[in-house]
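K.L.:
Sequence:
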Amino acid sequence: IEVVWEEEEERLDLLSIYRESLMSLEEEADSDLAELGRLGPKMKTLTFSLSHFLTMALPVERKHSRGLRDHEFIVTEHDRQGCVAPPTATSAGGAGAASASAIKTEMPLVVICDSLRSAFNVGSIFRTSEC
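Counting along the sequence shown from 1, when you hit position 47 you're at 157 in this note's numbering, and nothing is skipped either side.
Worth double-checking, as some hints may not be accurate.
The calculated lysine to aspartate or glutamate pairs, modelled on EDC-like cross-linking and capped at a C-alpha distance of 20 Å, are [said to hold, decoys possible]: (1) Lys-152 - Glu-136; (2) Lys-173 - Glu-137; (3) Lys-173 - Asp-123; (4) Lys-152 - Glu-138; (5) Lys-152 - Glu-112; (6) Lys-173 - Glu-138; (7) Lys-154 - Glu-118.
Please keep in mind that the hints were generated in silico from the structure rather than gathered at the bench. All figures in this text were calculated on a predicted structure; none of them were measured in a lab.
Can you build the whole structure from these sequences, using the hints too?
P.N.:
What follows is the structure in structure tokens.
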């Protein structure tokens, strides 16, 4: 929604869907969903500032965000299949040639971070990328 904020018609359509979605959660048995459902009626109008919308969206983000578990971001041997080993002097053969298992492979990784709202998230990305 925030990406299309300047496009009024599209923004209002998306905000309407967002409000209806929240309101549909009011009668849910799950307490977290029911709590989010109570946010819908608070959106009495759809004409408010972007900062007001982000403040209203924050409880939804908090309820549904979670930290990654190790198995969700650790690179495994299966992930490395198809990666190309960097050329080394010893990989060409000869007396000092390293075994195939000893050659470190590089896996290219591109991280695109859009709309980061917390300096903690930026630090976490840097720490993770150093691994």
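K.L.:
Are the hints correct? Go through all of them and say.
P.N.:
Going down the list of hints, with the structure as the test:
no. : hint              : in the structure
1   : Lys-152 - Glu-136 : 12 Å, holds
2   : Lys-173 - Glu-137 : 17 Å, holds
3   : Lys-173 - Asp-123 : 24 Å, violated
4   : Lys-152 - Glu-138 : 18 Å, holds
5   : Lys-152 - Glu-112 : 19 Å, holds
6   : Lys-173 - Glu-138 : 15 Å, holds
7   : Lys-154 - Glu-118 : 17 Å, holds
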